[in-house]
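Each chain is listed here by its residues.
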Amino acid sequence: MAANTSGVEDPIVKALQEYTTCDISDALVKLNHPNGGFLPGITMWSPQRQDGPTKIVGPAYTVQYAPKDDERPKWPSHYIDSVPAGAVVFVTSTRATSNALYGGLMSTRAKASGAVGSVIDGRFRDLQEQKDLNYPIFARDVGTTPPGSLLKVVAVNEPVRVSNDGQDIVINPGDYLVGDVNGVVVLPRGLAEQALPLMAKQVEADSKMAVEIQQGMTFTEASKKFRS
Amino acid sequence: MAANTSGVEDPIVKALQEYTTCDISDALVKLNHPNGGFLPGITMWSPQRQDGPTKIVGPAYTVQYAPKDDERPKWPSHYIDSVPAGAVVFVTSTRATSNALYGGLMSTRAKASGAVGSVIDGRFRDLQEQKDLNYPIFARDVGTTPPGSLLKVVAVNEPVRVSNDGQDIVINPGDYLVGDVNGVVVLPRGLAEQALPLMAKQVEADSKMAVEIQQGMTFTEASKKFRS
Amino acid sequence: MAANTSGVEDPIVKALQEYTTCDISDALVKLNHPNGGFLPGITMWSPQRQDGPTKIVGPAYTVQYAPKDDERPKWPSHYIDSVPAGAVVFVTSTRATSNALYGGLMSTRAKASGAVGSVIDGRFRDLQEQKDLNYPIFARDVGTTPPGSLLKVVAVNEPVRVSNDGQDIVINPGDYLVGDVNGVVVLPRGLAEQALPLMAKQVEADSKMAVEIQQGMTFTEASKKFRS
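So the protein sequences, as listed, match chains E, F and U. Its first residue numbered 1, the first sequence is counted upward by one per residue in UniProt numbering. Its first residue numbered 1, the second sequence is counted upward by one per residue in UniProt numbering. Its first residue numbered 1, the third sequence is counted upward by one per residue in UniProt numbering.
Hints are not guaranteed to be accurate.
[Claimed, not checked] Facing chain F, a subset of chain E residues (Cβ under 8 Å, in silico):
(1) Glu18
(2) Ser25
(3) Val29
(4) Phe38
(5) Pro40
(6) Gln48
(7) Asp51
(8) Gln167
(9) Ile169
(10) Asn182
(11) Val185
(12) Ala210
(13) Ile213
(14) Gly216
(15) Phe219
[As the list claims (entries may be wrong)] Keeping only pairs whose Cα atoms sit at most 30 Å apart, straight-line, the calculated DSSO-like set for lysine-lysine is:
(16) F:Lys30 / E:Lys30
(17) E:Lys14 / E:Lys111
(18) F:Lys224 / U:Lys74
(19) U:Lys225 / E:Lys111
(20) E:Lys68 / E:Lys152
(21) F:Lys68 / E:Lys208
(22) E:Lys30 / F:Lys152
(23) U:Lys224 / E:Lys111
(24) E:Lys152 / U:Lys30
(25) U:Lys131 / E:Lys131
(26) F:Lys30 / U:Lys201
(27) E:Lys201 / F:Lys224
(28) E:Lys111 / U:Lys208
(29) F:Lys30 / U:Lys131
(30) F:Lys68 / E:Lys201
(31) E:Lys55 / F:Lys111
(32) F:Lys201 / F:Lys14
(33) U:Lys111 / U:Lys14
(34) U:Lys131 / F:Lys131
(35) F:Lys30 / U:Lys74
(36) U:Lys55 / U:Lys208
(37) E:Lys74 / U:Lys201
(38) U:Lys225 / U:Lys201
(39) F:Lys30 / F:Lys55
(40) U:Lys30 / E:Lys74
What the hints contain is simulated information worked out from the structure, not anything from laboratory work. Quick caveat, the model's predicted, so the values are computed rather than measured. Each residue gets a CB set at the ideal place from its N, CA and C atoms; glycine is no exception.
Work out the full structure, taking the sequences as your base and the hints as a guide.
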């Protein structure tokens with residue numbers, strides 16, 4: 001991973017800490033980015049189940065699993081030993097399986113490397129261990145069985161494609177992955193600088209709208225007053 | 001919405017406060033109503049995730065979304081500005097989407113109008129904001145992206161059809177929507193007066209059965225003693 | 001159910017208390033058992049939703065529902081009145097339905113019989129009552145409607161087949177069912193004695209690996225040191 005995709009000193013990572021995943025999707029919709037960058041079906045499991053103030057922001061460090069008979073060779077080293085500080089580990093598989101793609105020792109290692117969280121496009125396991133580590137996990141579901149008997153890692157830090165309900169999303173290494181109670185959003189690296197000022201503007205307008213609506217203004221009036 | 005479908009002064013709404021969604025389904029099954037009025041897949045998200053004493057009861061205020069290219073025109077006003085006090089807002093879409101149909105400002109406005117909760121046949125967003133409002137939300141799932149780029153509202157307070165696993169349910173404006181930790185049930189307005197005495201009878205029998213079973217009676221004996 | 005399949009005095013049940021469902025799946029994978037015995041889609045609902053230290057271990061007491069027009073006759077007695085102490089009640093249906101297969105009075109009776117928990121391959125209902133009983137429930141989902149109008153019990157304590165995502169699992173009466181925050185695993189009775197020493201070995205190695213990794217060792221080094 002090139003030095004400039006580390007999340008540790010990145011001012012965009014710092015700026016994104018102020019916004020929810022919904023704020024980011026609002027901005028991406030304005031930039032005509034499909035589905036606001038939302039990754040449907042991937043939700044927070046640790047440190048709490050879709051609850052609490054946990055938010056992760058960082059550049060994606062991508063890991064591609066495939067069935068053992070995939071023509072690509074098994075990756076020569078273990079992906080978890082080269083996670084950059086500040087990264088969000090993103091693990092996916094070309095074939096869906098009820099086996100878990102990720103477990104407790106992976107988080108132990110990722111945390112020691114300074115990763116900010118892991119996003120699993122599939123199942124993970126060792127839920128209690130993840131919580132005990134206080135390490136953020138977003139995933140499709142939980143499970144009990146390790147991946148090794150069916151799958152191998154075939155690519156690390158290369159672009160990966162995530163499919164869901166006919167909606168295809170490509171995640172490039174270094175794209176910003178942001179996760180909170182609402183779910184996970186992919187903010188393409190090339191759109192971040194355009195998106196940030198749009199977030200600031202909408203959050204300010206929406207806060208003012210909320211105050212007025214609570215005091216009795218209609219949504220229509222509030223929208224006219226603050227959004228136009 | 002006609003005055004007689006407001007939930008505020010409705011004695012049936014008051015009577016239904018005593019019963020769980022399971023009690024209502026038990027009664028509807030006895031009246032041969034399909035699947036006991038259960039709306040599969042729609043669950044409590046706020047103020048707590050499928051937990052706590054939250055129960056909502058009220059007449060449905062229905063909102064129909066459709067894709068932007070639907071032949072019907074966009075509804076001329078914003079649906080959220082005409083929610084009656086005591087109502088349960090019910091939002092559905094003719095096409096499933098990973099975009100959220102509903103968000104935090106909608107609940108801010110609904111709460112100011114005196115609505116008792118919102119039931120979303122799809123995704124909603126702004127989960128933390130919903131909890132902070134202490135406003136009840138039942139939905140299929142959570143998301144991050146607003147609906148406006150793909151969908152428009154085409155009907156308000158007209159009958160809507162909800163599909164799930166080949167099970168079609170029509171919800172008419174004013175039908176009673178009841179939600180609790182078990183999920184959401186639709187009690188057709190025309191069945192409510194017949195259903196209520198059936199609920200009272202079964203709840204009384206089941207309470208007595210539970211006491212006897214805890215003290216060692218078989219289910220078969222207890223059922224014979226209290227249900228026949 | 002034969003006396004030797006009761007869980008109360010079974011040393012294997014006692015030994016399994018030390019291990020998570022993940023530990024059991026690890027051992028079953030080593031024995032080439034498909035998917036490590038994992039039952040995808042069945043998760044903890046009571047006493048807490050996928051949280052807390054709850055673990056159930058016991059021999060399966062199986063219950064097979066089928067549609068009312070199934071050629072087999074309705075089972076002549078109520079299955080819940082013959083649950084052995086120490087058993088895990090396992091309820092499945094040949095046809096998926098949005099009706100619940102299981103409810104609060106079933107748990108009241110199962111608990112009085114000394115069952116350790118119930119695993120429902122479908123929906124259950126009366127969630128608050130289940131929690132109030134502090135009785136462990138694992139299930140696919142929650143619901144509101146009883147099964148009786150659509151389904152009948154056709155077999156009790158006979159082998160049952162569970163289907164999920166093209167993955168077929170047979171559960172025999174007396175097979176060990178183990179459930180915790182990660183989900184539910186079926187440990188075939190005939191594999192238990194082989195599997196237990198494999199669990200002990202891996203848990204010891206993994207604990208040592210975790211300590212070293214937290215102190216900076218790579219996963220690759222730790223694996224070489226403790227797993228080979």
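Hint-by-hint comparison with the structure:
1. Given hint, glutamate 18 of chain E at the interface with chain F, is violated; its Cβ is 14 Å from that chain's nearest Cβ, farther than 8 Å.
2. Given hint, serine 25 of chain E at the interface with chain F, holds; its Cβ is 4 Å from that chain's nearest Cβ, closer than 8 Å.
3. The beta carbon of valine 29 of chain E comes within 5 Å of a beta carbon in chain F, closer than 8 Å, and the hint placing it at the interface holds.
4. Checking phenylalanine 38 of chain E against chain F by beta carbon gives a least distance of about 5 Å; that is within 8 Å, so the hint holds.
5. A hinted interface residue such as proline 40 of chain E counts as satisfied when its beta carbon comes closer than 8 Å to some beta carbon of chain F; here the least separation is about 4 Å, so the hint holds.
6. For glutamine 48 of chain E, the interface hint is violated, since its Cβ never comes within 8 Å of a Cβ in chain F; the closest pair sits about 10 Å apart.
7. Satisfaction of the interface hint for aspartate 51 of chain E is found here, the shortest Cβ-Cβ separation to chain F being roughly 7 Å, below the 8 Å cut-off.
8. With 8 Å as the threshold, the beta carbon of glutamine 167 of chain E comes within range of chain F, its nearest partner Cβ sitting at about 6 Å, so the hint holds.
9. Annotation: interface hint on isoleucine 169 of chain E violated; nearest CB of chain F at approximately 10 Å, more than 8 Å.
10. Restraint check, asparagine 182 of chain E versus chain F: the minimum CB separation of about 5 Å is within 8 Å; hint holds.
11. Because the closest C-beta pair between valine 185 of chain E and chain F is about 5 Å apart, less than 8 Å, the hint holds.
12. Interface hint status for alanine 210 of chain E: upheld, as the beta-carbon distance to the closest one in chain F is roughly 5 Å, under 8 Å.
13. Hint status for isoleucine 213 of chain E relative to chain F: holds, with the closest Cβ pair at about 5 Å, below 8 Å.
14. Using the Cβ-Cβ criterion of 8 Å, the hint placing glycine 216 of chain E at the interface with chain F is satisfied: the shortest such distance is roughly 6 Å.
15. The beta carbon of phenylalanine 219 of chain E comes within 5 Å of a beta carbon in chain F, closer than 8 Å, and the hint placing it at the interface holds.
16. Taking the CA atoms of lysine 30 of chain F and lysine 30 of chain E, the gap is near 51 Å; set against the 30 Å cutoff, the hint is violated.
17. Between the alpha carbons of lysine 14 of chain E and lysine 111 of chain E the distance comes to roughly 19 Å, so the proposed pair stays at or under 30 Å and holds.
18. Simply put, lysine 224 of chain F and lysine 74 of chain U have alpha-carbon atoms about 18 Å apart, close enough for the 30 Å limit, and the pair holds.
19. A C-alpha spacing of about 20 Å is found between lysine 225 of chain U and lysine 111 of chain E, which places the hinted pair at or below 30 Å, so the restraint holds.
20. Distance hint between lysine 68 of chain E and lysine 152 of chain E is fulfilled; the C-alpha atoms sit about 6 Å from each other, no more than 30 Å.
21. A threshold of 30 Å between alpha carbons decides the hint, and for lysine 68 of chain F with lysine 208 of chain E the separation of about 29 Å falls inside it, so the pair holds.
22. For the suggested pair lysine 30 of chain E and lysine 152 of chain F, the alpha carbons sit about 17 Å apart, so the restraint of at most 30 Å is met.
23. Taking the CA atoms of lysine 224 of chain U and lysine 111 of chain E, the gap is near 20 Å; set against the 30 Å cutoff, the hint holds.
24. As the CA atoms of lysine 152 of chain E and lysine 30 of chain U are separated by approximately 17 Å, the hinted pair is consistent with the 30 Å bound.
25. For the hint pairing lysine 131 of chain U with lysine 131 of chain E, the CA-to-CA distance comes to about 22 Å; that is within 30 Å, so the pair holds.
26. As the CA atoms of lysine 30 of chain F and lysine 201 of chain U are separated by approximately 56 Å, the hinted pair breaks the 30 Å bound.
27. Between lysine 201 of chain E and lysine 224 of chain F the CA atoms are separated by roughly 67 Å; this puts the pair beyond 30 Å, and the hint is violated.
28. As the CA atoms of lysine 111 of chain E and lysine 208 of chain U are separated by approximately 17 Å, the hinted pair is consistent with the 30 Å bound.
29. Pair hint lysine 30 of chain F plus lysine 131 of chain U holds up; C-alpha atoms about 27 Å apart against a cutoff of 30 Å.
30. Restraint check: the Cα-Cα separation between lysine 68 of chain F and lysine 201 of chain E comes to about 26 Å, which is no more than 30 Å; the hinted pair holds.
31. This hinted pair checks out: lysine 55 of chain E and lysine 111 of chain F have alpha carbons roughly 27 Å apart, not beyond 30 Å.
32. Proximity of lysine 201 of chain F to lysine 14 of chain F is assessed by CA-CA distance (about 17 Å); at most 30 Å being required, the pair is judged to hold.
33. Only pairs whose Cα atoms come within 30 Å are accepted, and lysine 111 of chain U paired with lysine 14 of chain U is accepted, the gap being roughly 19 Å.
34. A distance of roughly 22 Å separates the Cα atoms of lysine 131 of chain U and lysine 131 of chain F; the hinted pair therefore holds under the 30 Å criterion.
35. With a C-alpha separation of about 20 Å, the suggested pairing of lysine 30 of chain F with lysine 74 of chain U holds against the 30 Å cut-off.
36. Between lysine 55 of chain U and lysine 208 of chain U the alpha-carbon distance is near 24 Å, which keeps this suggested pair within the 30 Å criterion.
37. With a C-alpha separation of about 27 Å, the suggested pair lysine 74 of chain E and lysine 201 of chain U falls inside the 30 Å cut-off, and the hint holds.
38. Taken as a hint, the lysine 225 of chain U and lysine 201 of chain U pair is honoured in the structure, with Cα atoms around 14 Å apart against an allowance of 30 Å.
39. For a cut-off of 30 Å, the pair hint linking lysine 30 of chain F to lysine 55 of chain F stands: about 23 Å separates their Cα positions.
40. Of the pairs offered as hints, the one joining lysine 30 of chain U and lysine 74 of chain E holds, with about 20 Å between alpha carbons and a cut-off of 30 Å not exceeded.
In this structure, the hints that do not hold are numbers 1, 6, 9, 16, 26 and 27, in rising order.
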